[in-house]
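Number of protein chains: 2
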Amino acid sequence: MDLGQVVHMNGGDGETSYAKNSFHQGNAVSLTKPIRDEAITSLYSKTLFKSLAIADLGCSSGPNTLFVVSDIIMVVEKLCQQLNHSSPEYKIFFNDVSGNDFNNIFKSLDNFKEKLQDEIKTKMSSCYFFGVPGSFYSRVFPNRSLHFIHSSHSLQWLSKVPEGIENNKSNIYINYTSPSNVVKAYYDQFKRDFSVFLKCRAEELVEGGCMVLTMPGRRNEDPCDIKYCCYYWELLAAVLNGMVLEVYIYKHPINEKEVFL
Amino acid sequence: MDLGQVVHMNGGDGETSYAKNSFHQGNAVSLTKPIRDEAITSLYSKTLFKSLAIADLGCSSGPNTLFVVSDIIMVVEKLCQQLNHSSPEYKIFFNDVSGNDFNNIFKSLDNFKEKLQDEIKTKMSSCYFFGVPGSFYSRVFPNRSLHFIHSSHSLQWLSKVPEGIENNKSNIYINYTSPSNVVKAYYDQFKRDFSVFLKCRAEELVEGGCMVLTMPGRRNEDPCDIKYCCYYWELLAAVLNGMVLEVYIYKHPINEKEVFL
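Line by line, the protein sequences give chains E and V. Under the numbering used here, the first residue of the first sequence is numbered 102, with each subsequent residue one higher. Under the numbering used here, the first residue of the second sequence is numbered 102, with each subsequent residue one higher.
Note that these hints are calculated values from the structure, not bench results. Please note: incorrect hints may appear among the correct ones.
For chains that are exact copies, the list does not tell them apart, and a pair is met inside one copy or across any two.
[What the hints assert, rightly or not] Below, computed lysine-lysine pairings styled on DSSO-like, alpha-carbon distance capped at 30 Å: (1) K179 - K147; (2) K134 - K208; (3) K224 - K134; (4) K134 - K270; (5) K214 - K270.
Kindly produce the complete structure, drawing on both the sequences and the hints.
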């Protein structure tokens with residue numbers, strides 16, 4: 102079975118859904134708005150496209166998914182009004198792993214379109230929506246088919262648990278107790294994955310196309326600094342290890358592969 | 102709320118799902134295979150496309166959905182092998198109303214691709230899949246973006262319950278007890294809907310593109326002949342009317358609008 106059917110954001114819009122628990126990711130989307138606005142403005146002034154294909158990679162399902170799209174369309178519509186151009190035909194591609202809750206995105210599209218039309222005020226051009234299932238660590242779009250690629254808070258998810266980290270005992274990610282080979286294994290896996298990502302996107306973007314990527318990072322070189330990224334993995338590992346001790350779920354200490362694969 | 106979120110095939114793959122209860126529709130898909138094969142063969146010989154965009158409108162969710170697509174790809178691959186051409190880039194668009202279970206289609210794509218690759222034997226070109234939510238009684242695809250449109254057992258679903266059929270008492274569709282204005286109202290609604298359908302598709306198809314539509318029909322002119330189409334609506338109406346009498350669900354006799362809107 103494809104890993105994307107197992108590891109994905111929690112669907113629906115209930116209390117434990119990603120849609121209701123993605124405030125932090127929503128914050129990143131808000132903070133990066135000026136960068137996206139600048140990128141799409143520059144792209145429009147360079148190309149004056151009549152048809153604009155936008156892809157959100159790792160779109161998940163919830164308010165953040167549609168916020169980015171509405172944001173980009175609003176900027177383009179404003180530019181069109183300023184320049185007295187007719188607005189382009191929009192093609193919006195929502196991409197995520199095959200286990201993502203695309204049904205939930207699709208069900209919210211009618212309200213979204215109505216709200217967007219209200220905000221734009223003038224009659225906007227046609228807007229077509231597509232769900233695109235598949236890992237962005239592979240080709241998911243035809244050659245030269247996208248003008249603008251966006252991805253936020255998704256590229257920190259690797260394509261798989263790195264090889265050779267069996268000695269990372271009782272952890273489910275890098276931790277201050279992890280041996281140095283574990284840190285290197287994660288770093289190497291990220292390098293491989295990110296190279297594949299860039300290679301794929303280079304084939305999918307039209308010439309002169311544009312990409313805005315946001316991913317969490319650290320302010321220092323210590324990959325185990327809990328202040329910047331590893332805290333919740335340590336917390337989760339501690340809980341899982343506690344369950345091992347108390348209810349004997351596993352017969353031996355947990356590691357990444359047992360948790361994620 | 103969009104009607105497509107309420108009226109759609111039953112999702113999932115459980116006992117009551119459309120996926121498990123679409124043998125009849127699957128039969129139609131099998132019977133029309135020669136027509137599709139001929140159409141795609143003719144299209145290929147005319148255009149020798151390097152990129153082939155196929156849309157299945159009203160695709161629902163289940164084995165029939167993927168059967169049609171696999172069928173078309175197999176024909177094109179065989180032609181390519183015969184003519185010693187490299188196979189085209191496939192873009193497959195699954196369209197249905199926004200309440201359709203697209204998640205279920207997407208989850209089955211990995212197995213589907215593996216099986217297809219096994220059957221084709223030679224290495225086929227890239228194949229990209231897209232879910233497209235929205236009623237086919239409106240524009241759902243960009244201008245001139247499709248080469249081949251397929252729709253089977255979907256166009257008998259009208260965009261809405263026709264106006265002016267309040268005198269069709271105790272029925273939920275045309276029945277032998279229906280007044281003649283009801284028959285005319287359904288006929289007019291179908292004419293309007295089918296015209297819109299054709300107008301939209303004409304804008305979405307590339308020049309020289311092709312369309313294969315299958316829909317249930319009658320062998321005589323009597324629209325109430327239960328042998329050809331109305332039997333299950335009469336049965337359903339009888340059950341609903343029985344429930345009205347027994348448990349007082351409705352305070353007055355049912356009609357279409359109460360059932361479907």
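Against the structure, the hints come out as follows:
no., hint, verdict
1, K179 - K147, "within (16 Å within a copy, 43 Å between copies)"
2, K134 - K208, "within (25 Å within a copy, 33 Å between copies)"
3, K224 - K134, "within (24 Å within a copy, 42 Å between copies)"
4, K134 - K270, "neither (40 Å within a copy, 56 Å between copies)"
5, K214 - K270, "neither (49 Å within a copy, 37 Å between copies)"
Checked against the numbered hints given earlier, this structure breaks hints 4, 5; the rest are met.
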